[in-house]
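Using the hints, position chain B against chain A.
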Amino acid sequence: MTDPARETGDVDAADGVSADGGVADAETVDPTADEPELDRGLIEAWAAKMITNPDRAYRASFYVATIFFLVTTLFPFYWLFVVAMTPRNNLSDVGLLLPAGFNPAAFIEIFTTLPFHRYVFNSFLIATIATVAVLLVGSLAGYVFGRLRFRGRNVMLLLVLVTSFFPPAAFFIPLNRLFNTNIDVLRPLISAGSLYNTPYAIFIPLSAIFLPLSIFILMTFYSQIPDGLEDAARVEGTTRIGALFRVIVPLSAPGVATAGVLTFISVYNEYFFSSLMTDGRPGSWAPMLEGILRFQGEFAVQYNLMAAASIVAVLPVAILVVVAQEKIVSGLTTGAVKE
Amino acid sequence: MASVKLEGITKRYEDVTAVDDMNLEIRDGEFVTFVGPSGCGKSTTMETIAGLTLPTEGTIEIGGRDVTDLPPKDRGISMVFQNIALFPHMDVYDNISFGLRLRKYDQEEVDRRVAEAADIVQLEGMMDRMPKEMSGGQRQRVAIARAIVRNPGAFLMDEPLANLDAELRVHMRTQLQRLHRELDTTIIYVTHDQAQAMTMSDRIAVINGGVLQQVAPPLECYNEPKNLFVAGFIGSPAMNFIEGQVIDGGFESEYTQIDFDPETHGVTPGQEITVGVRPEDVFLEEDARKASSPTKAFDAVVDVLEPMGKEMNAYLLFDRDVEASAEGRGEGQLLINLTPDTEIQEGDDVRIVMDRENVHLFDRASGDAITHSLE
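As given, the protein sequences belong to chains A and B, one line each in that order.
Per this note's numbering, the very first residue in the first sequence carries number 1; after that it's consecutive.
Per this note's numbering, the very first residue in the second sequence carries number 1001; after that it's consecutive.
Note that these hints are calculated values from the structure, not bench results.
Please note: incorrect hints may appear among the correct ones.
In silico SDA-like cross-links for lysine to any residue, where the CA-CA straight-line distance does not exceed 25 Å [claimed, not checked]:
#1 B:K1104 x A:R240
#2 B:K1104 x A:F150
#3 B:K1073 x A:F150
#4 B:K1073 x A:G242
#5 B:K1005 x A:F150
#6 B:K1073 x B:Y1105
#7 B:K1132 x A:D227
#8 B:K1073 x A:F245
#9 B:K1073 x A:A324
#10 B:K1296 x A:F245
#11 B:K1310 x B:T1199
#12 B:K1226 x B:F1260
#13 B:K1073 x A:L140
#14 B:K1073 x A:V249
#15 B:K1132 x A:L140
#16 B:K1073 x A:R147
#17 B:K1073 x A:R240
#18 B:K1104 x A:R147
#19 B:K1073 x A:P282
#20 B:K1005 x B:E1061
#21 B:K1226 x B:D1184
#22 B:K1310 x B:N1337
#23 B:K1073 x B:D1091
#24 B:K1310 x B:M1198
#25 B:K1005 x B:R1203
#26 B:K1132 x A:L251
#27 B:K1132 x A:A324
#28 B:K1226 x B:V1170
#29 B:K1104 x A:L159
#30 B:K1290 x B:Y1255
#31 B:K1132 x B:D1106
#32 B:K1073 x A:R246
#33 B:K1104 x A:P250
#34 B:K1132 x A:F150
#35 B:K1290 x B:Y1222
Just chain A, with the same shape it has in the complex:
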């Protein structure tokens, strides 16, 4: 069964599989094969096996889907790496799988030509502050919406959620003008008296935009904690807020982790406000995104440095997700079904 005829038979069978692969096979197989079983080409035999043993088919399709998904998501990162490793002069020859040359120095160059670490730090700080603020405010709001009954609760919840339906760009012009206005009260806090070129200009609007989603996630989780536990905490000696942070929040850890990571990633990756609310200098709290764009000069675009910077910028988020992964997975699934 190892003769080359098998191969042609396979090709025929694959080509005419819907028409009548059986006939195509019969013409190509050697005369010794009287048994109809043996007439079949590899693909047909494979299909027959799948029909008798569907578990194999499911497993096979699982691997196909998984590999497809992994390739489509991970290949861009690999290609970024290929581009980053390619020396600047060879960029026009950059291949699909292998770099045209070997230049790991790009990963150092991004920190020497620009203070790229400062950009990443800015972004990291802004995302961290926004996450803490969103979790804090979102916890209080989630507690109120999830655990208290009062008149107008649904209307208020809807109002909160509606803010997340607006395109963020709609807020940009008024916010930008507001942040460029000098407010005397702020002068002792911020040298210029305006919020432009400060981390606040990015984290305030982004916190507000991503807050409703967190409120919604936290609300679902907090509403599932039995009343008895909160009552017990209050009798034992906490206030309502104390019970929230000592009992309800720890028991909702997967929900808090999910809301926190989603917020962090959203703020860290955000493009629109991040690129417009500062003048782009690292000292003006310009975020990581501006850093990457800085490698695009007036006369030359240093694609290899942009690629290297992109990889470095992804690392903090990747680490965060790996660390919080277990909680997030259980958060995304249990939130939906837990009674």
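Here is chain B on its own, set in the frame of chain A:
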């Protein structure tokens, strides 16, 4: 240790009055049980004492201090919950010491008190277990330890035994009584199970529809119920009720007649009343000497017999034509207790007498008791 005083406590939700003008004084060290059917307001009353719910009207004093507007943590009470409510993310030690740590006791004091409380409820050596690794009874004991460790003025217990299986419940019941004796603390206990109320309490507060019906020692509630509700709720199996009216020289219903002098018992002929008699106060005619003062005999038919071992319950019908009601004991039906060796068959005709000393009369319009004895 502290006394608890409720004055005019009323709790109204939008259109329901859960608790209506409740007045109650609980003495220092007393074990008082709130008992009543579900939804009667007993848990709401307890929550207002704990401070988890604020009353619409009225004041609460604990240990002579007005605590009506204080948050739960400042009331000097502790509570055991129906669903036990241990913090699932903390081990036994952290659960028990939660309140102490919040109050910033120093570590040695916390350790000493936790050890003491664990010793009382026999939880030594389980300090680092998580609640989900423990049995129902053990969790309940942790919850009790958490309640006693702070040495509070009063314990509030909201159906603490409801989620335990029958055997464990009886065991924990005696444990709680022993605990009360050892600690000598005020305990307010909520249950819908009149057996728990009867066995443990110094006094029972029977509540129905948000209104306090009777507050008295268990036996007084049993022997001298203040109204029809208490008479029917306390005691198992429940009291028999026969509806009828006062006539000259006694009481008459469709199937029975009892002789007494209406005037000495404060009723007037023509008044609609209900006679109540407990199953153990009705006897077969041949056992009439067991009654200290038998009434005259009535005819009845044995419907169903329930041998219980130490006694036998017999469901009687006053007449063969009476339809046995599917929903509880209806008019014309009577439940009596017999000794297990009584020679009797289902379907037998019997003659029965009641013990006049334990026949209760209730005014049907108001439900209030008129007398608890016809002697």
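Right, here's what the structure says about each hint:
1. B:K1104 x A:R240: holds (18 Å)
2. B:K1104 x A:F150: Outside the cut-off at roughly 35 Å; violated.
3. B:K1073 x A:F150: holds (24 Å)
4. B:K1073 x A:G242: Given pair K1073 of chain B, G242 of chain A holds - Cα atoms ~11 Å apart, limit 25 Å.
5. B:K1005 x A:F150: Given pair K1005 of chain B, F150 of chain A is violated - Cα atoms ~30 Å apart, limit 25 Å.
6. B:K1073 x B:Y1105: Holds, at about 15 Å.
7. B:K1132 x A:D227: holds (18 Å)
8. B:K1073 x A:F245: Holds. K1073 of chain B to F245 of chain A sits at ~16 Å (cutoff 25 Å).
9. B:K1073 x A:A324: Distance ~35 Å between K1073 of chain B and A324 of chain A Cα, so the pair is violated.
10. B:K1296 x A:F245: violated (71 Å)
11. B:K1310 x B:T1199: Answer holds: K1310 of chain B to T1199 of chain B is near 19 Å, not above 25 Å.
12. B:K1226 x B:F1260: Holds - the C-alpha atoms of F1260 of chain B and K1226 of chain B are around 21 Å apart, at most 25 Å.
13. B:K1073 x A:L140: Answer holds: K1073 of chain B to L140 of chain A is near 20 Å, not above 25 Å.
14. B:K1073 x A:V249: Between K1073 of chain B and V249 of chain A the Cα gap is close to 20 Å, so the pair holds against 25 Å.
15. B:K1132 x A:L140: Measuring from Cα to Cα gives roughly 28 Å; hence the hint is violated.
16. B:K1073 x A:R147: holds (20 Å)
17. B:K1073 x A:R240: holds (10 Å)
18. B:K1104 x A:R147: violated (28 Å)
19. B:K1073 x A:P282: violated (50 Å)
20. B:K1005 x B:E1061: With a Cα-Cα distance of about 5 Å, the restraint between K1005 of chain B and E1061 of chain B holds, given a limit of 25 Å.
21. B:K1226 x B:D1184: At roughly 29 Å apart (the allowed maximum being 25 Å), D1184 of chain B and K1226 of chain B break the hint.
22. B:K1310 x B:N1337: Status holds; Cα separation ~10 Å.
23. B:K1073 x B:D1091: holds (22 Å)
24. B:K1310 x B:M1198: holds (20 Å)
25. B:K1005 x B:R1203: holds (15 Å)
26. B:K1132 x A:L251: holds (14 Å)
27. B:K1132 x A:A324: Holds, at about 24 Å.
28. B:K1226 x B:V1170: violated (28 Å)
29. B:K1104 x A:L159: violated (42 Å)
30. B:K1290 x B:Y1255: holds (23 Å)
31. B:K1132 x B:D1106: Violated. K1132 of chain B to D1106 of chain B sits at ~28 Å, over the 25 Å cutoff.
32. B:K1073 x A:R246: Given that 25 Å is the threshold and the Cα spacing comes to 15 Å, the pair holds.
33. B:K1104 x A:P250: It holds: about 21 Å lies between the C-alpha atoms, which stays within 25 Å.
34. B:K1132 x A:F150: violated (34 Å)
35. B:K1290 x B:Y1222: holds (20 Å)
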